[in-house]
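Visitor: For this one, chain Z is given, so just place chain B on it according to the hints.
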Amino acid sequence: MLNPHEKLNPKIFDNDVEQIPIRRGFGEGLLAAGEENERVVGLCADLTESAQMHLFKQKFPERFVEIGIAEQNLVAVASGMAAMGKIPFIASYAMFSPGRNWEQIRTTVCYNNRPVKIAGSHAGVSVGPDGGTHQAIEDIAITRVIPRMVVISPCDAIEAKKATLAIAKTDAPTYLRLAREKTPVITTIDTPFEIGKAQVFWQPITKTPDVGIIATGALVHKAIQVARDLEKEKIAATVLNLSTIKPLDERAILNLAEAAKALVTVEEHQIAGGMGSAIAELIVTKAARPVPIEFVGVRDQFGQSGTPTELVEHFGLGVSGVREAVKKVLQRKVTSV
Amino acid sequence: MHLDDAAIKNLELRANAIRQSIIEMLLAAGSGHTAGPLGMADIFTALYFHILKHNPHEPNWPDRDRLILSNGHICPVLYAAMAHAGYFPVEELQTLRKLGSRLQGHPHREFLPALETSSGPLGSGLSQAVGMAIADRIDAVAERKKAGDDKSVVMSRFFFCLTGDGELDEGNNWEAIQLAGRERLGNLITFVDRNNIQIDGYTENVLPLEDLRAKWESFNWHVLEIDGHNFEEIIAAVDQAKAIFEKPSVIIAHTIPGKGVAEFERKFEWHGKPPNADEAALALNELRTLQGRIQSEHQ
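As given, the protein sequences belong to chains Z and B, one line each in that order. With my numbering applied, the first sequence closes on residue 337, and no number is skipped along the way. With my numbering applied, the second sequence closes on residue 1299, and no number is skipped along the way.
Just chain Z, with the same shape it has in the complex (with noise of 0.2 Å):
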């Protein structure tokens, strides 16, 4: 069942449940964090709307940088306004930052140490019909490899929200992962959010889990299903929300590690140094006892164009993907006890 005390929207399962780019909640966000905080100021890479800065743009002009298609240049002089005391936040399609930029990241942002927030938009295959080169997959490894980065993924766009309006109050080096479609509502004004806190957004009514599923991104949505469907199977799914990837809630995860001596990991990213490889990092060094994960993610393959549902269920994202991974880990399971 939906957890309680996550305060889910109560239509997560209907057909008709609102859908809303993660990438709006990030131009709502950033306007909310320039009305708080004079210190905000926006940069972008001529994709101001498609990168939802444009709201930002609109009620603070004096603040925003038109950098033009130029992402080494955007993040590097990111950088020097942070040292001049500004929260600078950095927008283009994740491709391009911190796909192009990435070695400016890692010199002018984090060996630096200035609070630049990189918000990466189009991430994933969901992108659609533009095809494998504007399909970030590589994002979060690239990311989260850097020291000091902090890497957030939000399930929705309300998440995406809350999520903008904490990082700019941090100081550290933010990667926000923003996705380009339309994608179902999970939480509500009133589910917590906390910089580095998994949530339980699913649980098994009465006993202990026999899978724990670990999703991040709109794919949660999708996890959720699953857990929903196993139900009926007398499989008793968690599910846990990982919007922050970097840190690790190390404490969530082991736990769940421990009460369900499976995991599942879900996400649209290449399994290859991504948010399950940062799971399985921490289960081999940290866990009590051995146990199997299976991974949901993109097998060391580019995108390609479709819509963005044909891509999910193609690249074995979608509901039967992690319906298939559950079953697998399960036998896996069995035969390691």
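Source of the hints: derived by calculation from the structure; they are not laboratory data. Here the structure is a predicted model, which means the values were calculated and not measured. All residues carry an ideal CB built from backbone N, CA and C; glycine is no exception. All clues given are correct.
Part of the chain Z face toward chain B, derived, beta carbon under 10 Å: (1) Val41; (2) Glu62; (3) Arg63; (4) Gln72; (5) Asn73; (6) Leu74; (7) Val75; (8) Met81; (9) Gly85; (10) Lys86; (11) Glu103; (12) Arg106; (13) Thr108; (14) Asn112.
In silico DSSO-like pairs for lysine-lysine, Cα to Cα no more than 30 Å straight-line: (15) Lys234/Z <-> Lys327/Z; (16) Lys1146/B <-> Lys57/Z; (17) Lys1247/B <-> Lys57/Z.
Guide: Chain B only, in chain Z's frame:
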């Protein structure tokens, strides 16, 4: 500001002492860059002992001018100038490139907080300087607005960025140059160390930079060209750049790589290696005797 002969002589002696420190620290480190630091010693001396508004005893003074070194590999001259100016003891220069040293092989502000940026990977220092200059102007405009005056904006400090010439191969620079030109950043002054060498050879053979003046001018920058070893020219150029309100300024400083030690001058081979003990002794003797004009007390 007018410089009399005594003031110039003073700066020349400072630069000579800084060059000696560069040789000594490179010898102790056993690795590092020789040509660039020696070539830029006069400009760093002019900056730290005449041009910059700064306070070595209060490195975080908010009203200070900012010096952003983009080509971090010439940091021996930055460290030596800072030490001689009083930011830290000159003896500490001997720790260059050693484990735990504040003087990292390429500058890291976490180790030495008086630095404005960490640098080394080429091409992004100017972007950071542009960001600082834009942020400062946002603050200046906001302050004037609060004071009920939205017409005149007085910039209280300047942003000095130092780049190499080979470094201009990096596309990131040209992104920054375009933006600064559009933003008409009168508070930004860039020095290009035009010494014509980079690791693989002479700049015009590796990837030609000329017509360098025309390139900067076409991006809406005010361009000055000077002899980078002439203190009067260095200081006059900065004075002129400060007087140009409507554009960022670039000072293309023609320098001699390895300047001050005849054996090192003009040779790209000296870009990225330190002197050995014999070479260092020769170089120090040359510097201490002012190229043989006086007798060194070390002899």
